[in-house]
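Student: Sequence:
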Amino acid sequence: MTARRRAGPLVQGGGGVAGAAAAVAAVAAAPARVSGGGRRRLASVVAAAAVLAAAGCVLVLLSAPPTHGFVPIDLSNFQSEYACDNSTVRIVRPRTVADVSAAVLAHERVMAVGGGWGWNPRFFCASNGTAPPSGDGYNASSAASSSPTATPLAGGVANIVMETVRPLIIQVDETDETVLVDAGVRTIDLLRFLAAYVTPTAPSGWTLPAFPWFVFQTLGGAVSTGTHGSSLEHKSLSSQAVAFHVVLANGSHVELSDASHPFLMRAFRVSVGKLGVITHIRFRIIREMPVTRTLHSLPASAFLTLLAQAQAAWNAAANTTTTTANSTNSTIDVGLAGWLRGHDDSEWFWVPQRHEFLAVTYTRGDVANATERLKVLSAYARGGGADATTAYNTSLALLEAAAAERAAGKGPAFSIDDFPLLSNVTFDPAAGNLSSAALPVLQKLNDTVINAPWQQLAAAAAATSSGGSAAAASALGLPTAPAANANANAKASGGAPSVTAQAGPVDSGGSGAGSSKQEQTVSLFSATGDAQDVLPRPLRRAGRIAALGSGNTTRSSGAAAAAAAASSNATAPVAALVAAAVAADGEGAVYGSGWAIPQRSPPTVFYGLTGMADAYIDISRSGVYSIAANGTREALSSYLYQPEAILDVNIRRVNFDQYEVAIPITSVGDCWSGLLDLLYGPDNIDGDNPKYNGTASVHSLPARLNASAAAGNASASAASFFAANGRPDYGFRSNPLIRMTGVEAALLSNTYDVPHFWLNIEDYLYYNRLGRRSNAVFKAVMGFLRSDPRCGSGGLSGGGARLHWGKAGWPDTGCWHGDREFPGTWCDFGCAVRELDPAGRFTDSTGGSGTNGTLWNWRGVDLGRCCVPGVGFNKSMPGCACRVTHARGAATCPPPPYYTYR
Numbered sequence: 001m002t003a004r005r006r007a008g009p010l011v012q013g014g015g016g017v018a019g020a021a022a023a024v025a026a027v028a029a030a031p032a033r034v035s036g037g038g039r040r041r042l043a044s045v046v047a048a049a050a051v052l053a054a055a056g057c058v059l060v061l062l063s064a065p066p067t068h069g070f071v072p073i074d075l076s077n078f079q080s081e082y083a084c085d086n087s088t089v090r091i092v093r094p095r096t097v098a099d100v101s102a103a104v105l106a107h108e109r110v111m112a113v114g115g116g117w118g119w120n121p122r123f124f125c126a127s128n129g130t131a132p133p134s135g136d137g138y139n140a141s142s143a144a145s146s147s148p149t150a151t152p153l154a155g156g157v158a159n160i161v162m163e164t165v166r167p168l169i170i171q172v173d174e175t176d177e178t179v180l181v182d183a184g185v186r187t188i189d190l191l192r193f194l195a196a197y198v199t200p201t202a203p204s205g206w207t208l209p210a211f212p213w214f215v216f217q218t219l220g221g222a223v224s225t226g227t228h229g230s231s232l233e234h235k236s237l238s239s240q241a242v243a244f245h246v247v248l249a250n251g252s253h254v255e256l257s258d259a260s261h262p263f264l265m266r267a268f269r270v271s272v273g274k275l276g277v278i279t280h281i282r283f284r285i286i287r288e289m290p291v292t293r294t295l296h297s298l299p300a301s302a303f304l305t306l307l308a309q310a311q312a313a314w315n316a317a318a319n320t321t322t323t324t325a326n327s328t329n330s331t332i333d334v335g336l337a338g339w340l341r342g343h344d345d346s347e348w349f350w351v352p353q354r355h356e357f358l359a360v361t362y363t364r365g366d367v368a369n370a371t372e373r374l375k376v377l378s379a380y381a382r383g384g385g386a387d388a389t390t391a392y393n394t395s396l397a398l399l400e401a402a403a404a405e406r407a408a409g410k411g412p413a414f415s416i417d418d419f420p421l422l423s424n425v426t427f428d429p430a431a432g433n434l435s436s437a438a439l440p441v442l443q444k445l446n447d448t449v450i451n452a453p454w455q456q457l458a459a460a461a462a463a464t465s466s467g468g469s470a471a472a473a474s475a476l477g478l479p480t481a482p483a484a485n486a487n488a489n490a491k492a493s494g495g496a497p498s499v500t501a502q503a504g505p506v507d508s509g510g511s512g513a514g515s516s517k518q519e520q521t522v523s524l525f526s527a528t529g530d531a532q533d534v535l536p537r538p539l540r541r542a543g544r545i546a547a548l549g550s551g552n553t554t555r556s557s558g559a560a561a562a563a564a565a566a567s568s569n570a571t572a573p574v575a576a577l578v579a580a581a582v583a584a585d586g587e588g589a590v591y592g593s594g595w596a597i598p599q600r601s602p603p604t605v606f607y608g609l610t611g612m613a614d615a616y617i618d619i620s621r622s623g624v625y626s627i628a629a630n631g632t633r634e635a636l637s638s639y640l641y642q643p644e645a646i647l648d649v650n651i652r653r654v655n656f657d658q659y660e661v662a663i664p665i666t667s668v669g670d671c672w673s674g675l676l677d678l679l680y681g682p683d684n685i686d687g688d689n690p691k692y693n694g695t696a697s698v699h700s701l702p703a704r705l706n707a708s709a710a711a712g713n714a715s716a717s718a719a720s721f722f723a724a725n726g727r728p729d730y731g732f733r734s735n736p737l738i739r740m741t742g743v744e745a746a747l748l749s750n751t752y753d754v755p756h757f758w759l760n761i762e763d764y765l766y767y768n769r770l771g772r773r774s775n776a777v778f779k780a781v782m783g784f785l786r787s788d789p790r791c792g793s794g795g796l797s798g799g800g801a802r803l804h805w806g807k808a809g810w811p812d813t814g815c816w817h818g819d820r821e822f823p824g825t826w827c828d829f830g831c832a833v834r835e836l837d838p839a840g841r842f843t844d845s846t847g848g849s850g851t852n853g854t855l856w857n858w859r860g861v862d863l864g865r866c867c868v869p870g871v872g873f874n875k876s877m878p879g880c881a882c883r884v885t886h887a888r889g890a891a892t893c894p895p896p897p898y899y900t901y902r
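Going by full-length UniProt numbering, the first residue of the sequence shown is number 1, and it counts up by one from there.
Be aware that one or more of the hints could be misleading.
Dumping the calculated SDA-like pairs for lysine to any residue here, alpha-carbon to alpha-carbon at most 20 Å [stated by the list, open to error]: (1) Lys375 with Ala629; (2) Lys691 with Asp677; (3) Lys875 with Phe263; (4) Lys444 with Phe414; (5) Lys779 with Arg859; (6) Lys875 with Arg820; (7) Lys375 with Ala407; (8) Lys779 with Ala645; (9) Lys779 with Ala890; (10) Lys444 with Leu457; (11) Lys444 with Ala430; (12) Lys779 with Ala707; (13) Lys875 with Arg834; (14) Lys875 with Arg865; (15) Lys444 with Gln456; (16) Lys691 with Ala711; (17) Lys779 with Gly674; (18) Lys444 with Ala645; (19) Lys375 with Arg293; (20) Lys875 with Gly860; (21) Lys444 with Glu644; (22) Lys691 with Gly726; (23) Lys375 with Phe414; (24) Lys875 with Pro262; (25) Lys875 with Gly847; (26) Lys875 with Ala890; (27) Lys779 with Leu609; (28) Lys779 with Asp812; (29) Lys375 with Ala403.
Since the hints were made in silico from the structure, they are not lab data. The structure displayed is predicted, hence computed values, not measured ones.
Please model the complete structure; the sequences and the hints are all you need to start from.
Tutor: Shown next as structure tokens:
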């Protein structure tokens with residue numbers, strides 16, 4: 001059987017690119033800087049360095065690095081790093097959901113992939129457990145070339161790319177205030193679609209309750225890895241999902257919700273691809289609303305005081321309030337009333353070289369306090385904050401007239417609905433009651449982004465990031481874009497564009513009725529609450545979803561595996577389903593193809609120079625002032641997200657690793673106090689100690705590393721931690737981002753127990769010096785965060801913050817213990833794995849399979865006896881303690897942060 005050759009992608013794992021975005025965005029328009037509060041600065045030197053840094057950025061943009069690859073071109077991340085093993089892993093680019101089901105059944109081991117915006121190949125690379133990627137993220141198992149040097153066996157191990165499914169659907173249900181969306185849709189495209197979805201019900205459009213800083217990953221990847229913004233109330237994207245449509249290990253396509261499968265919903269909310277392939281997600285949505293954004297500058301000591309107050313307030317309230325995912329809001333109201341009242345979505349940028357924090361707070365136009373609400377709506381009217389599709393007449397005079405009536409006691413407290421509709425606005429019943437201004441915007445977004453051929457989008461990104469033209473993209477071997485799908489751009493009878501949603505596999509028997517030949521047409525612009533149920537209901541047996549049993553452990557390849565599975569699994573005509581998908585869309589859409597590992601990018605040495613620390617941090621700081629300036633606009637424009645303009649010209653071209661840790665609110669003030677003591681020295685927290693005259697404390701981390709290097713106890717040069725002018729290099733080139741999320745129901749959410757504060761940091765130095773080597777300051781910071789008891793109870797020694805599932809910093813094999821990191825829910829998740837995928841079809845590169853992996857490990861726990869279907873792990877049963885047996889411990893693992901590389 002010969003697989004049709006096509007190009008390639010990466011995994012369902014969403015990361016979040018943070019401070020790098022702001023660095024270049026502000027060079028052209030940097031506003032006046034706010035004083036850091038008495039800190040002594042070498043202004044002339046820094047200004048000169050900033051000029052040099054800007055020149056360095058220009059050189060980056062003008063240089064011509066090697067042609068990049070990334071998802072969906074190959075199985076490397078967005079910077080052509082962290083490649084999977086192309087000698088064992090095939091890349092599958094399905095065209096339909098039926099192809100996804102067939103691909104799951106046709107392979108021994110599979111993992112779904114999103115857009116490749118992550119730094120954790122062990123989770124997103126499918127593997128047979130014998131050939132994981134190399135530790136430094138670059139797998140040289142075959143030479144980089146325009147074509148694969150080896151093609152893995154069809155039906156063995158594969159990654160399934162969800163970005164290539166066409167057409168994609170976005171289906172708004174205004175009655176239930178939800179939206180059904182394909183997992184392969186990017187977060188930003190959903191947000192833009194919702195913002196423009198203007199109807200009489202929502203004259204400003206709709207939005208998600210909270211969204212992340214990085215919005216260019218697929219929604220499936222973002223949800224699977226717990227990607228989040230900053231919101232104690234609305235939490236991460238995973239908590240905003242109300243239903244999942246998934247392909248299980250037996251190929252069945254089912255819908256899960258809190259009502260139908262509450263336990264499995266908790267497992268799927270953050271599943272890291274271990275339980276199945278998410279194909280569609282239904283999210284809660286809220287009406288678009290004006291939001292006032294305010295930027296403040298704080299010295300480090302003031303930020304520590306703020307966190308100490310939050311910690312004390314929470315702990316005091318927790319003594320009297322039970323904290324669960326459903327009661328968190330009441331705890332916030334009681335415990336944090338004076339601290340974050342009305343601002344539970346605040347976020348902060350840390351400016352390490354300046355000992356400064358930039359606080360960004362938000363006040364929504366639906367805030368409970370009537371006085372604050374009037375301020376927001378008035379600023380919205382004065383400042384022209386409405387977007388082009390908004391149907392409200394945001395006249396200040398009209399708002400003031402409404403406010404005067406309220407003041408005279410003629411009505412309830414005013415709201416955004418006091419703005420009347422524009423006199424010239426019309427709504428088209430045939431187009432889902434959309435406004436006349438919204439329809440062309442949505443049509444263009446659908447045609448040029450959401451449902452444009454994936455080959456076209458990948459070629460454009462490759463050409464831009466390579467510094468070349470479309471010819472550079474064609475050199476990557478991208479397949480020719482197919483003819484436009486007639487259904488994707490066709491007009492419905494009422495004039496609304498429509499798309500087709502593939503029906504999933506049937507629950508029993510038949511002759512391929514669930515193949516890609518069967519389609520259901522749904523309106524892309526349905527707003528009446530009558531959304532079609534495009535997916536079959538899950539088949540249940542004895543209280544659980546039918547899945548591959550432990551006896552169905554065939555290790556045959558290709559058609560043999562499908563035939564064997566069909567003979568032992570009565571829930572779907574497996575062989576017929578696979579054959580029908582191949583007949584409809586070709587072998588490549590089911591069995592995939594080989595792919596080539598891309599070339600490594602050269603270093604951008606300006607980033608690695610010690611003397612550039614102040615300059616790059618100041619450029620990044622100016623970027624924050626540019627994108628976070630005070631103002632009142634609609635939610636999508638007010639809440640911060642990564643500027644899109646620099647994705648291909650900077651983010652993909654200047655390599656960095658992003659790490660993110662979650663610190664519990666119960667000790668967040670203590671953890672940050674210890675962190676700043678470590679980095680700055682306890683006698684120079686604000687950087688204004690006259691004893692040091694603008695340099696670093698003798699107790700600072702750079703000074704201590706410098707002394708160690710000078711004594712011959714470190715390989716780094718003593719000069720590597722200080723610039724020629726005496727200024728310290730604290731190891732950062734972008735400003736770290738700090739956010740908050742509340743308690744979540746997801747079993748593997750880092751906030752399953754209490755709210756956490758997230759610290760997102762980026763390491764540019766590892767890649768961007770002459771020769772890749774560890775960033776000693778950065779690694780020491782990570783070591784503290786991952787081991788100090790003030791930062792949490794994870795880590796091998798009983799202390800440390802938890803790690804984001806899609807980012808860097810994960811320990812060496814065997815040096816991360818799930819039962820220690822998630823003591824309350826780890827064995828519950830093991831029960832979900834046992835129920836849905838006991839044979840380990842969804843196996844990543846962490847080693848092992850099923851419940852007996854190296855990271856996904858439940859050895860020593862009797863899951864068979866202690867798991868209750870649909871409920872989870874029964875801790876109350878005698879002998880059912882969640883104590884896992886591990887092959888490695890602190891004594892045999894590297895010291896904190898427990899990883900060898902980087």
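Student: Compare the structure with each hint and give your call.
Tutor: A quick look at each hint next to the structure:
1. Of the pairs offered as hints, the one joining Lys375 and Ala629 holds, with about 17 Å between alpha carbons and a cut-off of 20 Å not exceeded.
2. Using a Cα cut-off of 20 Å, the hinted pair Lys691 and Asp677 holds, with the two alpha carbons roughly 17 Å apart.
3. For a cut-off of 20 Å, the pair hint linking Lys875 to Phe263 stands: about 15 Å separates their Cα positions.
4. Straight-line distance between C-alpha atoms of Lys444 and Phe414 comes to about 35 Å, which puts the hinted pair past the 20 Å bound.
5. Annotation: proposed proximity of Lys779 to Arg859 is violated, straight-line Cα distance about 31 Å (limit 20 Å).
6. Among the hinted pairs, Lys875 with Arg820 is consistent with the structure: their alpha-carbon atoms are about 16 Å apart, no more than 20 Å.
7. Annotation: proposed proximity of Lys375 to Ala407 holds, straight-line Cα distance about 15 Å (limit 20 Å).
8. Between the alpha carbons of Lys779 and Ala645 the distance comes to roughly 31 Å, so the proposed pair goes past 20 Å and is violated.
9. Taking the CA atoms of Lys779 and Ala890, the gap is near 18 Å; set against the 20 Å cutoff, the hint holds.
10. This hinted pair checks out: Lys444 and Leu457 have alpha carbons roughly 15 Å apart, not beyond 20 Å.
11. For a cut-off of 20 Å, the pair hint linking Lys444 to Ala430 stands: about 18 Å separates their Cα positions.
12. Between Lys779 and Ala707 the alpha-carbon distance is near 17 Å, which keeps this suggested pair within the 20 Å criterion.
13. Using a Cα cut-off of 20 Å, the hinted pair Lys875 and Arg834 holds, with the two alpha carbons roughly 16 Å apart.
14. Using a Cα cut-off of 20 Å, the hinted pair Lys875 and Arg865 holds, with the two alpha carbons roughly 11 Å apart.
15. A distance of roughly 15 Å separates the Cα atoms of Lys444 and Gln456; the hinted pair therefore holds under the 20 Å criterion.
16. A C-alpha spacing of about 24 Å is found between Lys691 and Ala711, which places the hinted pair above 20 Å, so the restraint is violated.
17. For the suggested pair Lys779 and Gly674, the alpha carbons sit about 16 Å apart, so the restraint of at most 20 Å is met.
18. With a C-alpha separation of about 19 Å, the suggested pairing of Lys444 with Ala645 holds against the 20 Å cut-off.
19. Note on Lys375 and Arg293: the hinted pairing holds, with a Cα-Cα distance of about 12 Å set against a maximum of 20 Å.
20. At roughly 14 Å between alpha-carbon atoms, Lys875 and Gly860 fall within 20 Å of each other, so this suggested pair holds.
21. In summary, the hint linking Lys444 to Glu644 is supported, as the alpha carbons are separated by about 18 Å, within the 20 Å threshold.
22. In summary, the hint linking Lys691 to Gly726 is supported, as the alpha carbons are separated by about 14 Å, within the 20 Å threshold.
23. Taking the CA atoms of Lys375 and Phe414, the gap is about 11 Å. The hint holds against a cut of 20 Å.
24. Between Lys875 and Pro262 the CA atoms are separated by roughly 18 Å; this keeps the pair inside 20 Å, and the hint holds.
25. For the proposed pair Lys875 and Gly847, the alpha carbon gap of about 27 Å is over 20 Å, so the pair is violated.
26. At roughly 27 Å between alpha-carbon atoms, Lys875 and Ala890 are farther apart than 20 Å, so this suggested pair is violated.
27. Taken as a hint, the Lys779 and Leu609 pair is honoured in the structure, with Cα atoms around 18 Å apart against an allowance of 20 Å.
28. The suggested pairing of Lys779 with Asp812 holds, with an alpha-carbon distance near 14 Å, which does not exceed 20 Å.
29. Taken as a hint, the Lys375 and Ala403 pair is honoured in the structure, with Cα atoms around 11 Å apart against an allowance of 20 Å.
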